[in-house]
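Construct all of the structure, not just a fragment, from the sequences and the given hints.
Chains Y and L supply the protein sequences, listed in that same order. According to my numbering, the residues represented by the first sequence are 248 to 574, in order. According to my numbering, the residues represented by the second sequence are 5 to 287, in order.
If you're looking for bench data, these hints aren't it; they were derived computationally from the structure. Glycine residues also receive a C-beta, built at the ideal position from the N, C-alpha and C atoms. Each statement offered as a hint is correct.
Label-pair restraints from in silico Cβ distances:
1) L:Q192 x Y:G510: 24 to 30 Å
2) L:L66 x Y:E331: 47 to 53 Å
3) L:Q242 x Y:H337: 23 to 29 Å
A partial selection of chain Y residues facing chain L, derived with a Cβ cut-off under 10 Å:
4) G412
5) R418
6) G419
7) A423
8) M431
9) L452
10) G453
11) G475
12) R557
13) Y558
14) L561
15) S568
From chain Y, some residues computed to sit far from chain L (all C-beta separations above 12 Å):
16) L258
17) D327
18) G364
Here's the letter readout for the chains.
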Amino acid sequence: MKYYLDFEKPLQEIDLRIEELRRLSNGKNSALDTELSSLQSRAEKLLQEIFSNITPWQRTLVARHPDRPYTLDYIGMLTDDFVELHGDRHFGDDRAVVGGFGSIDGRTFFIIGHQKGRGTRERIERNFGQPHPEGYRKALRLMKMAEQFRKPVLTFIDTPGAYPGIGAEERGQSEAIARNLMEMSLLRTPIISVVIGEGGSGGALGLSVSDRLYMLENAIYSVISPEGCAAILWKKDGEVGQDEYTRAAEALKLTARDLLGLGIIDGMIPEPPGGAHRAPEETAENMKREILKAVDELSGLPPERLVESRYQKLRRIGALSSQGESP
Amino acid sequence: MAWFKKVRIRKEDKRVKIPEGLWVKCGNCKEIVYRKEVLRNLQVCPKCNYHFRISARERLRLLVDQNTFQELDADLVSSDPLRFRDSLPYLDRLKKSRESSGLSDAVLTGEAKIKGIGVIIGILDFSFMGGSMGSVVGEKVTRAAETAIARRYPLVIVSASGGARMQEGMFSLMQMAKTSAAVGRLKQEGIPYISILSDPTFGGVSASFAMLGDIIIAEPRSLIGFAGPRVIEQTIKQQLPDDFQRAEFLLEHGLIDMVVDRKHLKETVARILRLLLTEPYRE
Ligand SMILES: [Zn+2]
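Structural data, given as structure tokens:
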């Protein structure tokens with residue numbers, strides 16, 4: 248059973264009829280086939296219409312869409328062979344972060360990403376994609392291994408944030424994230440990151456310090472969730488809801504387009520109309536092209552230059568002026 | 005009417021800042037104590053050792069040798085990349101904070117001496133928009149680390165922050181990576197970095213340069229963590245014990261090196277540096 252967001256609802260009926268016709272026709276009934284293709288083009292037009300006008304808040308909902316492909320889905324679509332590894336060698340194995348190595352187009356990558364679950368049971372197992380410190384430490388262990396074996400690192404970002412809980416604090420959530428930020432900035436092998444869904448603040452950043460940072464067209468990346476921002480700004484004036492989330496999402500400049508314009512990310516990877524959840528394979532193909540292009544560019548650099556240019560890339564980010572100049 | 009003078013103070017400061025007037029109420033033991041005595045005691049409650057929050061300039065006075073501080077990058081200000089406004093435009097909010105604090109943003113950085121030892125020092129000020137890190141804090145901390153490398157001076161940073169500054173969106177978040185990368189370079193150069201955590205240190209500051217000190221010191225009972233206690237309570241739907249996320253709790257869990265009273269802070273930093281600094285760094 249597919250899930251439809253409110254603004255996707257107009258599609259639901261057409262989708263159902265398309266499915267029904269497909270079942271009836273089975274490629275043998277030309278009258279039905281004509282009807283089918285006209286319905287399909289109507290659906291496509293509708294998709295274009297809906298998605299060309301969505302607000303940043305609606306895009307946030309697409310980024311969190313329960314049918315949207317997750318890290319393991321992309322790993323499945325991109326790699327020929329993938330070996331998953333487990334554990335941080337200190338405390339445990341965080342199921343909200345997956346990692347291992349696999350082959351993309353004949354090249355071995357270390358691939359690490361946040362993993363959300365599908366269905367209630369897996370969602371809980373994966374802690375809704377919110378890592379504990381051991382998730383970040385597992386990720387770092389694998390990145391150091393990638394450095395050791397001179398393989399590029401590919402990370403997928405998809406988390407509401409690092410988990411705010413007692414165990415997470417006891418085991419040093421802050422330290423785990425901070426260490427990743429520092430170690431990733433020094434890692435002597437290329438790092439490519441793709442925000443595939445939700446880039447939730449420090450919990451997302453802890454896996455995304457990179458030489459190339461991409462976002463899927465409907466992904467978001469933000470210092471705080473629109474809900475969190477709205478609560479801070481407007482809760483004192485009463486209950487906050489969709490209107491406030493819409494305003495907050497707008498103000499935070501959290502979409503791929505906005506962040507590309509602000510120079511925070513290096514590229515936006517297009518999704519077919521309707522989003523990655525309606526065309527996962529096509530999205531994965533688009534992603535694969537960018538990843539292979541980036542790794543080709545980066546593999547030529549000696550490690551010292553790679554690390555230096557990664558530092559300079561971070562170094563430049565800031566919106567400053569000197570007092571006296573008008574900001 | 006109360007027998008001690010009530011003053012209007014900003015909401016976020018109410019719990020801990022020392023209000024004007026002859027007498028103050030301690031935020032911890034609730035005792036009414038003589039203000040002058042608290043001030044004489046380095047803004048620590050004489051009854052219960054509660055450490056009041058202090059401004060960056062007050063902290064500077066307590067930590068560095070008199071007349072040795074030379075400020076760096078005092079003129080840097082945010083350019084409001086998101087054109088952010090809530091009830092007030094962000095630029096107006098900054099202006100107000102600048103006027104009330106006398107700081108250009110939430111951190112003061114510079115070169116100074118601690119018991120004769122040359123250091124690069126950075127001090128965050130919680131009264132400036134909750135000590136939040138935006139482009140200016142990120143840039144100044146990064147420059148402080150880079151200056152420490154260039155001068156071969158140790159780096160000392162005192163943190164007090166609610167985290168990243170929402171009003172600068174992703175620019176704020178990326179300062180976590182920028183400052184952590186700068187600390188990484190410092191470590192590669194073998195230059196000591198002492199991180200001092202004061203009440204409170206959270207979010208984007210604790211999850212970047214603050215938890216990366218070679219040596220991490222915290223003031224007694226300071227609240228330190230990744231997520232704020234209210235967020236955690238809402239998530240786990242339980243009340244948190246009083247010692248949770250306190251400096252002593254972090255010490256017990258192996259996350260910091262020591263808890264040091266404010267009155268011993270300067271001497272402790274000097275002792276550490278004296279022992280760690282060998283010829284190339286000695287002033
Ligand atoms: Zn007291």
